[in-house]
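Protein chains in written order, with the numbering used here: chain A, 406 to 750; chain B, 3 to 285.
Note that these hints are calculated values from the structure, not bench results. Nothing here was measured: the structure is a model prediction, and the numbers come from that model. Glycine included, every Cβ here is placed at the ideal spot set by N, Cα and C. There could be a bad hint or two in this list.
As the list claims (entries may be wrong) - A few chain B residues that face chain A, going by a derived Cβ cut-off under 8 Å, partial list only:
1. G98
2. D100
3. P137
4. I148
5. E173
6. V175
7. T177
8. Q263
9. P266
Stated by the list, open to error - Below, simulated DSSO-like cross-link-like pairs (lysine-lysine); rule was C-alpha separation at most 27 Å, straight line:
10. B:K158 to B:K114
11. A:K708 to B:K280
12. A:K586 to B:K280
13. B:K247 to A:K409
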Amino acid sequence: MSNKNLQGEVWVFAEQEGGKLHDVALELCGKARELADTLGVQVGAVLPGYNCAELAKPLFAHGADKVYIVDDPNLARFTSMPYARAVETLICKHKPQIVLYGATPLGRDLAPRVASATRSGLTADCTDLQIGDVFEARSKQEYKNLLHQIRPAFGGNIIATIVNPEQWPQMATVREGVFPKKEADEARTGEVIEEKVEIPAELLVVEALERFVETKKIDLKGSRVVVAGGAGVGSKENFQLVVDLANALGGAVGASRAAVDSGFIDRDHQVGQTGTTVRPALYVAVGISGAVQHRVGMQDAAKIIAINNDPDAPIFSVAHYSIVGDLNEIVPMMIKAAQERVVTE
Amino acid sequence: MSSYRSIVLVKQVPDTSKITGNAMKEDGTINRAALPAIFNPEDLSALEAALEVKDRFGGTVTVITMGLPKAADVLRECLYRGADRVILVTDRGAGGSDTLATSYVLSQAVKKVGEFDFIFCGRQAIDGDTAQTGPQCAEKLGIPQICYLTEIIDVKDGTATLRRSLGAGWEVVKTTLPALITVVEEANEPRPQAAIKVMRHKHKRAPLEAAEGETIAPEDQIEQWSLGCIDADPERCGFPGSPTKVHKILSIVLKKEGSVQVAPTEEGVRGMFSELVKDRVLG
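Pulled out of the complex, with its shape left as it was, chain A reads as follows:
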């Protein structure tokens, strides 16, 4: 779609499963609210599903002005084609200027299909979104109020700002936890708009036969603080130091692959390329050398503390605070300092 609708709304795809909204949808409502206020337009949430009308309320409470509900038994469970048809039909009808999706496995499946159908640009895994003007040197054109889609690329070695000057809507996916979930304003209300989208039989050719969803035992992604231990911790017994520091800071316990492979802790705690990617406010790396496979899973933490006895350990290349020394001395000092801080508050 090339026609730019300057009054277009800022939309959020309201991902839900089994009658429960995904947290990232609520986080995105908050961000969409900010962007929409800057642009002077409204926030819309698109909610495909079945019997999910009651989910409009939390979307309003987190910043939506309108909720577009597509209620259809064929949308009871996610499959790519029917969901894409629902979202792209509403985009063509209402012409939002921005559409945001959670960068969940579902969002990353759906959003590109919608982008292809609407021929619009899509930027994956944004870590920040802003509104700004762009001067295009090539065409000497000034573009007002574009969505700046900011994301790491090249294995996390560069940060790129992407814009869509001509073809709208401007679409982006954002990982869970990148934007904070704002406090719900239960008094906020909005307009519920019921939409009907025809879903022809040829889109219903994928059938889910069986499904297993793990219940999250630990919430690495959602933690503001992650304290992770590596091979340098030395033993399963000594790993208790890492756990104690995590408790003192109110954070979750993470681990490098080396620590998991050595049996210090369960694989659920693994951070990195083959584990969980975390972007906490604070990441503490205890006795982790910092192979690139680990760094890609944690280097976007807002602040990183690294403790290692090897001053040349690669982990220091991404650390904001580098402590060279024996972790068996330093970690107890940190636990003590963290506890003192709680007492003085």
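Dock chain B against chain A, hints included.
Relative to the frame of chain A, chain B by itself:
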């Protein structure tokens, strides 16, 4: 045995795990010459999935890549592992393509290949990690997409039963064919190159790889298609066909400049904590 026609979409990528300080130019852009070019890891998993279908259920494997003439490297690797046919799509007009334009070019190439049962591609490429090109190709071809394949359970009567990852969990789905399937690394262990196939195919080259004045014997030629060959509209390829534009690039390899050395003492640790509280990192 039946005969399932698989098409695999692969990409040659810079090895981003080898990035060091000198891989970034002073202006913050990437010095691609300093990075080895490799077969995108999850595309190797996609090739393996196609070869698995061929081994278990019968059929053929055709591989398509889009890139510079040098990308023929990954096509030779496919031949060494058992692909039947490989095609290089290369054209200056495709340079600067974002995922939307890339999926347009690839889907046009697929249409030229003709009828098929499966398209396999890696979930994502390590240079961008977007995971968008696969689903976008599926949409352009009007076929279902199954993302994050971990296991091919069965293929019969024009359907495939597949296990796919849900991140935290899995799902078994049954789809009609043709379908596009994106494959994750956990799905399989890509087979090694076969010595006999290396011997057979090592002289194969794309016409654009030939040195000036050199001719490649017809039996050694890798098929090479331009945008014209695949009937692609130039307005939907390369820069003109890409709605997303890179506005700005910042290198973060240099990020450690802001790093603070903290003394391994009680004072050092306390000082660091009060700074974190002041910066609102700790509440």
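Hints and how they fare:
1. For G98 of chain B, the suggested interface contact is broken, since its CB lies about 11 Å from the closest CB of chain A, more than 8 Å.
2. Hint status for D100 of chain B: holds, given a least beta-carbon distance of 7 Å to chain A, under 8 Å.
3. Because the beta carbon of P137 of chain B sits about 4 Å from the nearest beta carbon in chain A, less than 8 Å, this interface hint is met.
4. Annotation: interface hint on I148 of chain B holds; nearest CB of chain A at approximately 7 Å, less than 8 Å.
5. The interface hint given for E173 of chain B is met, as the beta carbon of that residue sits about 4 Å from the closest beta carbon of chain A, less than 8 Å.
6. Taking 8 Å as the C-beta contact cut-off toward chain A, the hint placing V175 of chain B at the interface holds, the least distance being around 5 Å.
7. Interface restraint check: T177 of chain B against chain A, minimum CB-CB distance 5 Å, threshold 8 Å, status holds.
8. Annotation: Q263 of chain B was flagged as interfacial toward chain A, and the flag holds, the nearest CB pair being 5 Å apart, inside 8 Å.
9. The beta carbon of P266 of chain B comes within 3 Å of a beta carbon in chain A, closer than 8 Å, and the hint placing it at the interface holds.
10. A hinted pair counts as satisfied when its Cα atoms are at most 27 Å apart, and K158 of chain B with K114 of chain B qualifies at roughly 26 Å.
11. Our distance criterion of 27 Å between C-alpha atoms is met by K708 of chain A and K280 of chain B, whose separation comes to about 13 Å.
12. Taking the CA atoms of K586 of chain A and K280 of chain B, the gap is near 22 Å; set against the 27 Å cutoff, the hint holds.
13. A hinted pair counts as satisfied when its Cα atoms are at most 27 Å apart, and K247 of chain B with K409 of chain A qualifies at roughly 16 Å.
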